[in-house]
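Following my numbering, the numbering of the sequence shown begins with 10 at its first residue and continues without gaps.
Calculated from the structure, these hints are not laboratory results. Here the structure is a predicted model, which means the values were calculated and not measured.
Here are the simulated DSS-like pairs of lysine-lysine, each with C-alpha atoms no more than 27 Å apart in a straight line:
id: 1; residue 1: LYS611; residue 2: LYS642
id: 2; residue 1: LYS174; residue 2: LYS199
id: 3; residue 1: LYS482; residue 2: LYS471
id: 4; residue 1: LYS444; residue 2: LYS471
id: 5; residue 1: LYS298; residue 2: LYS287
id: 6; residue 1: LYS793; residue 2: LYS199
id: 7; residue 1: LYS638; residue 2: LYS650
id: 8; residue 1: LYS611; residue 2: LYS638
id: 9; residue 1: LYS298; residue 2: LYS265
id: 10; residue 1: LYS199; residue 2: LYS905
id: 11; residue 1: LYS484; residue 2: LYS494
id: 12; residue 1: LYS115; residue 2: LYS134
id: 13; residue 1: LYS719; residue 2: LYS838
id: 14; residue 1: LYS915; residue 2: LYS881
id: 15; residue 1: LYS442; residue 2: LYS494
id: 16; residue 1: LYS258; residue 2: LYS821
id: 17; residue 1: LYS421; residue 2: LYS363
id: 18; residue 1: LYS881; residue 2: LYS199
id: 19; residue 1: LYS650; residue 2: LYS611
id: 20; residue 1: LYS258; residue 2: LYS298
id: 21; residue 1: LYS905; residue 2: LYS915
id: 22; residue 1: LYS881; residue 2: LYS793
Label pairs and their calculated CB-CB ranges:
id: 23; residue 1: LYS838; residue 2: SER616; range: 19 to 27 Å
id: 24; residue 1: SER388; residue 2: LEU846; range: 53 to 61 Å
id: 25; residue 1: TRP784; residue 2: ARG643; range: 53 to 61 Å
All C-beta atoms, glycine included, are put in the ideal place defined by N, C-alpha and C.
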Amino acid sequence: YLLYYRYVCLSVYIVLSFFTLLDTMSALGDLGWEAYPAEGWEEISVMDERNTPMRSYQVCNVMEANQNNWLRTRHIPRDGAQRVYIEIKFTLRDCNSLPGVPGTCKETFNMYYYESNNPNLWFIKESQYIKIDTIAADESFTQTDVGDRVMKLNTEVRDISNLNKKGFYLAFQDVGACIALVSLRVFYKKCPLAVLNLAQFPDTVTGGDSALVEVRGSCVNDSEEFEAPRMYCSGDGGWLVPIGRCVCKPGFEENKDYCQPCGPGTYKASSMDAYCTKCPPYSFSHQEKASECSCEKGFYRADMDPRSMACTRPPSAAENPISTLNDTSVTLEWSPPRDSGGRGDVTYNVHCRKCASDGKTCSPCSNSVHFVPRQFGLSIPKVLITDLLSNTNYTFSIEAVNGVSDLSPTPKQQVTVNITTSQTVNVILKERKSKDSITLAWQGPDRPNGVIVEYEVIYYEKNQRDQNYTVLKTKAHTMTVEGLKPGTTYVFRVRARTDGGYGNYGGEIELETSHEDMLAIGDPNQSTILAVSVAGGIVLLIFLVACFVVSGRHCGYIKAKQDPDEEKMQFQNGRVKLPGSRTYIHPHTYEDPNQAIRDFAKEIDASTIHIERVIGAGEFGEVCSGRLKLPSKREIYVAIKSLKAGYSEKQRRDFLSEASIMGQFDHPNIIRLEGVVTRCNLSKHTLHCNYVHRDLAARNILVNSNLVCKVSDFGLSRVLEDDPEAAYTTRGGKIPIRWTAPEAIAYRKFTSASDVWSYGIVMWEVISYGERPYWDMSNQDVIKAIDEGYRLPAPMDCPVVLHQLMLDCWEKSRSERPRFGQIVNTLDKLIRNPNSLKELTNSSVWEDPTTPEFNVSTVDEWLDAINMGQYKDNFASAGYVSLDSILYISLCELSKMSVTLVGHQKKIVSAVQSLHAQGTHVQI
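All chains should be built: construct the whole structure from the sequences, respecting the hints.
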């Protein structure tokens with residue numbers, strides 16, 4: 010019964026994921042194992058197909074009962090491994106093919122091990138061994154196979170765990186079989202050297218009993234930790250659960266598994282930035298690895314400026330200064346610089362100097378001079394200066410600065426304004442009184458601040474200044490005030506106005522009208538003055554009546570003129586009251602702007618407004634055109650002005666004040682305010698509400714009994730800037746991985762485009778009737794699959810056009826995804842054309858192309874045949890080195906081997922089933 014056979018050698022893969030402790034096929038001489046009794050196992054030498062001698066053991070004592078033949082290996086060092094694998098290749102004779110053998114013939118044998126620190130044990134008791142398993146043959150040979158010189162080879166793999174001594178012995182027990190041990194290989198698995206998320210993980214021996222071994226990664230060159238990188242080495246030699254990552258240092262960007270330097274002309278300022286970017290305007294970088302770009306000559310970057318900001322320069326000088334003098338106060342106004350230096354932080358400083366009458370000797374103003382709102386750091390081009398001295402020369406220098414002015418060696422740009430405070434008007438010299446009028450005369454200041462433009466006379470009934478006063482203006486030195494009450498005391502004050510502003514009021518003069526017409530003569534020519542005044546009064550009365558008849562019905566603001574050089578206004582409690590007109594009320598007199606809105610503007614229901622398009626932008630937000638259809642009225646075209654998102658309280662008050670002002674106008678030449686919407690937002694009609702939701706998912710869509718859907722759960726939403734391309738960046742918190750765009754996962758940067766990605770997932774959830782996106786894949790597997798280009802397949806019976814819309818939402822580049830407005834238009838067209846939804850994707854998620862017939866002899870050839878050659882290393886690392894070993898591979902095992910794409914898993918499993926159907930035999 011000597012076994013004679015021809016051995017077909019199988020390929021042996023040496024990969025980084027396992028380390029061989031023993032391989033009999035590589036033995037150059039006798040194996041020298043212990044066999045007892047001596048007539049049991051026998052060491053023999055055979056030739057493989059390349060005529061290379063190889064050593065093996067056989068036993069075939071089947072004619073005698075009660076066989077107990079032991080074969081023990083030499084001491085095998087475990088080399089630090091806690092779990093080792095034993096691969097045995099053997100042939101076994103079918104007992105039925107042996108004529109005349111007793112019924113005690115066996116077709117199995119047993120395998121044991123014994124752990125020991127002693128490498129030179131010569132004897133081990135049977136009771137000391139620990140049984141590994143009873144080994145049975147899947148294929149046995151018969152007498153016919155012997156005649157054909159072909160034997161069927163069996164391969165079995167077993168493992169032992171939790172080893173802790175220096176080494177171990179293996180033993181094989183034969184209890185009455187005809188068997189030959191062709192080869193024995195003992196190895197342990199390692200998780201191979203890997204680089205993931207810019208962190209390198211070393212070769213790691215797997216743990217015992219399938220325990221996970223936590224391994225801390227080290228950042229690759231030119232990178233630093235963002236979060237401590239860790240992974241777990243599984244018992245099967247695969248890396249699992251990557252946590253944390255490294256990021257490229259400033260001046261470097263990621264390129265697959267390493268960091269490459271930024272090229273000339275580019276930079277990366279922060280490790281949080283993903284890629285190197287082109288130098289901003291007016292800056293440069295001539296060398297590699299630049300973390301910032303240097304500014305060109307004459308341009309600067311402030312310490313607080315982001316490195317991505319263009320280099321800037323100081324502003325030019327302020328322009329068009331205007332001074333308005335009022336008593337001992339002056340208001341300075343000016344235009345912003347024509348060139349802001351490329352910055353938006355221009356402010357103004359005002360320097361004050363008091364000069365002698367010759368204008369040559371000047372000194373800084375004293376602390377008694379006050380500036381409102383302040384002297385330095387003005388954000389608006391206007392300042393009020395009070396508590397100046399009368400009849401004094403002042404020079405004011407207005408200095409425009411920005412954030413880089415102090416970095417420039419050139420002097421700051423200034424514009425200068427010279428003023429002289431005015432003296433008061435002399436007291437009244439002449440006066441004529443009647444029962445309803447008083448004629449005044451006066452002299453101007455001795456040294457006016459420029460040419461006198463006009464005089465202003467203010468008067469009121471004695472003790473009633475706060476309730477009612479009148480202002481008159483004239484270019485003459487005399488004035489007749491008419492329409493007064495007989496026998497009433499009035500208080501008069503006069504001041505002059507020059508090009509530089511108003512001077513001081515003169516002292517108060519009290520005059521009383523008579524009870525009847527009378528002439529108070531203080532000059533021989535006074536009668537002439539009176540005659541002229543009476544004639545002028547008649548002309549003025551005719552003029553006022555004509556003005557009122559012509560324009561008083563429509564005009565909200567009218568001026569009653571006494572003669573071509575006079576103006577008259579009446580002030581009552583902060584309101585302007587003109588003869589024959591209604592009262593204009595300034596909104597700022599209201600403490601609550603909402604009350605002003607209620608008084609002067611009509612509230613409109615938002616549902617009556619239809620916004621069609623944006624036509625421009627105003628101070629407060631967008632201006633749109635649209636239509637208004639009020640109940641019982643015809644539809645009209647209107648302009649709609651909206652308050653922008655993220656407004657301040659001041660902007661809101663100014664916005665409402667504008668509406669309150671417009672609501673008081675009723676004139677054919679002035680635009681009419683139809684009403685306001687303050688109780689409801691127009692978000693239903695607007696183009697972009699400037700919010701990013703960040704958690705769009707089917708679970709956050711509320712549906713009522715009429716199938717009306719509404720987006721809810723704004724717990725993660727954030728307001729964006731006015732720029733539609735704006736992004737919101739977060740540094741922490743949880744992210745719904747399965748619904749989140751890849752750039753939001755990698756860099757925590759959320760935009761409207763990342764919401765579009767989430768919307769595509771919501772579409773998939775709805776059409777798949779609530780299926781979990783990516784099924785039971787782990788979050789890490791989802792991230793990796795998406796990065797490799799995998800996208801969710803079409804659900805059963807999904808219209809082709811809808812799945813294409815999903816794929817558009819899942820474009821890797823966010824700029825290539827559709828906007829929500831385009832999605833709405835697309836869905837609207839599909840609804841209007843139902844035939845476009847008839848073409849369905851009826852293929853199942855798990856459906857696989859036609860299964861090929863295989864004519865292969867190695868795992869590598871088989872993987873190439875099914876176009877899965879990219880997983881050769883994965884199979885070899887996991888110990889699947891023969892076709893026999895893959896016949897019972899499972900989805901779970903594929904996941905452990907980092908074959909995570911669902912389509913690839915199904916294709917491999919289908920191909921394995923095809924191998925089962927064909928039958929796989931290895932010739933020996």
